[in-house]
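So the sequences go chain by chain: W and G.
The first sequence begins at 1 in the working numbering and counts up by one.
The second sequence begins at 1 in the working numbering and counts up by one.
Treat the hints as calculated values from the structure; they're not laboratory data.
Treat the hints with caution; some may be incorrect.
Below 30 Å or equal to it, Euclidean Cα-Cα: the simulated BS3-like pairs (lysine-lysine) are [unchecked claim]:
{"hint": "1", "chain 1": "W", "residue 1": "Lys101", "chain 2": "W", "residue 2": "Lys84"}
{"hint": "2", "chain 1": "G", "residue 1": "Lys98", "chain 2": "W", "residue 2": "Lys117"}
{"hint": "3", "chain 1": "G", "residue 1": "Lys61", "chain 2": "G", "residue 2": "Lys98"}
{"hint": "4", "chain 1": "W", "residue 1": "Lys198", "chain 2": "W", "residue 2": "Lys117"}
{"hint": "5", "chain 1": "W", "residue 1": "Lys117", "chain 2": "W", "residue 2": "Lys101"}
{"hint": "6", "chain 1": "W", "residue 1": "Lys101", "chain 2": "G", "residue 2": "Lys98"}
In this text, all values refer to a predicted model and were calculated from it rather than measured experimentally.
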Amino acid sequence: MKRRWLGIGLFLAAGGLAAPGCAVKGYDYTNYRAHPPRSILVLPPVNEGTDIRGSYGYLSTVTRPVAELGYYVFPVALVDQLLKENGMPTPGEMVQAPLEKIREIIGADAVLYITLKQYGTRFQLLASSTAVVADARLVDTRTGTVLWAGRLAAQEASGGSGNILSAVVGALLTQVINQSTDRAHGVAEQANAQLAIKDRGLLHGPYSPQYGRE
Amino acid sequence: MSRTARPALLVVLLLALVTSCAPSTLYHWGRYEAVIYATYAAPGSVPPERQIELLEQDYQKARSENRPVPPGFHAHLGYLYYAIGRADQARQEFETEKANFPESAVFMDRLLSRIPTP
Numbered sequence: 001m002k003r004r005w006l007g008i009g010l011f012l013a014a015g016g017l018a019a020p021g022c023a024v025k026g027y028d029y030t031n032y033r034a035h036p037p038r039s040i041l042v043l044p045p046v047n048e049g050t051d052i053r054g055s056y057g058y059l060s061t062v063t064r065p066v067a068e069l070g071y072y073v074f075p076v077a078l079v080d081q082l083l084k085e086n087g088m089p090t091p092g093e094m095v096q097a098p099l100e101k102i103r104e105i106i107g108a109d110a111v112l113y114i115t116l117k118q119y120g121t122r123f124q125l126l127a128s129s130t131a132v133v134a135d136a137r138l139v140d141t142r143t144g145t146v147l148w149a150g151r152l153a154a155q156e157a158s159g160g161s162g163n164i165l166s167a168v169v170g171a172l173l174t175q176v177i178n179q180s181t182d183r184a185h186g187v188a189e190q191a192n193a194q195l196a197i198k199d200r201g202l203l204h205g206p207y208s209p210q211y212g213r214e
Numbered sequence: 001m002s003r004t005a006r007p008a009l010l011v012v013l014l015l016a017l018v019t020s021c022a023p024s025t026l027y028h029w030g031r032y033e034a035v036i037y038a039t040y041a042a043p044g045s046v047p048p049e050r051q052i053e054l055l056e057q058d059y060q061k062a063r064s065e066n067r068p069v070p071p072g073f074h075a076h077l078g079y080l081y082y083a084i085g086r087a088d089q090a091r092q093e094f095e096t097e098k099a100n101f102p103e104s105a106v107f108m109d110r111l112l113s114r115i116p117t118p
C-alpha cells in the first residue's frame, strides 16, 4: 500500500516537473506587450560565420519580413552608413552603441540585434548544402528590456540525386552560380520568414491589420 | 557598362523577378532590397544613378497600382540623391519618408539638418 502511494507520489512529481515543458504553447510575450514598439532599427548582423558576405547578405533580407509584420523599419543601408561615419566601422562596434544614443539620434523604439552563427555554402564532392543560422534579439530602447529572442535557421541542399555524371555537373554549376549570386542570401530570406511565425516570432505591429488581435 | 556590373545587375533582375510575383503584401517592394543587396555584394558595380533609376521606376509602378512603397524606401532614395549632389531631391525624399511614416521623424530631421540649405 505504502509503495503504491509512493508510486503515485512519484508519478505526480514527475508530472509536475514535466508540465512546464508540455505547457509551452508559444513564446511568452509579456515583456513585448508591455513595451510594444512602433519602429524597429535593424543593425547589421555580427558575423560569427566564415563567409565575409554574411552580414550584408543577411541585412538586405530583414527589412521585408519585419515591415510586412507592420513595423516601421529604418532604412538599413542609410543607418549603416550613418554609424560608419560616426566611428563605428563594423557591426561588432555598432552593437555596442548605447540604447539611449540610438533613441536620441534615430528615434527607434526597439533594436533588432542579429548574430549570424552560420552563413554560407559547404561544398562536398557531389553535392553542396547552404545553411543560414541566426540568433535574433529585439530590445526596447527605453528600458533595455528584451522583448523577444529567437533562432532563425534555414537550410537548402542540392545535388545528390540522378546519375553520377549529372550530379558532378550539377555540383560544378552550383559552385559557379554561388560565386556570383551568393546562394546563402536566398536561404537567409527563408530563415527570416520565421520572424513571422505565429506564437514564436514577432507580434504584429501598428501598420498590420492584425495589430493588437493576437 | 563594366564587366563587374553585369553579375550584380543580374542579381537585381533575378531578385526583382522573384519579388514581383509575391502574394498580397502591405507594400509594393519592387527592387528596394535587391538594390541594397547588390551594392553590398558587389560594391560600386551599380552606380547611384542607376539605383535611383530602378527605384524611381518602382515608385511609379507602385503609384500606378495605388500601393504604398515600404518604410525606408524614400529615405534610401533621398540618400542616393544626396550621394550624387542633388540636395533638393534628397530633401524632398526625406520629407516624403517623414510624411508617410511619422516614426522616422527624428531620423529624417537629423538628415535634413545636414543638408545645406541654398
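Right, here's what the structure says about each hint:
no.	hint	verdict
1	W:Lys101 - W:Lys84	15 Å, holds
2	G:Lys98 - W:Lys117	35 Å, violated
3	G:Lys61 - G:Lys98	21 Å, holds
4	W:Lys198 - W:Lys117	23 Å, holds
5	W:Lys117 - W:Lys101	27 Å, holds
6	W:Lys101 - G:Lys98	20 Å, holds
When the structure is compared with the earlier hints, a violation turns up for hint 2 alone.
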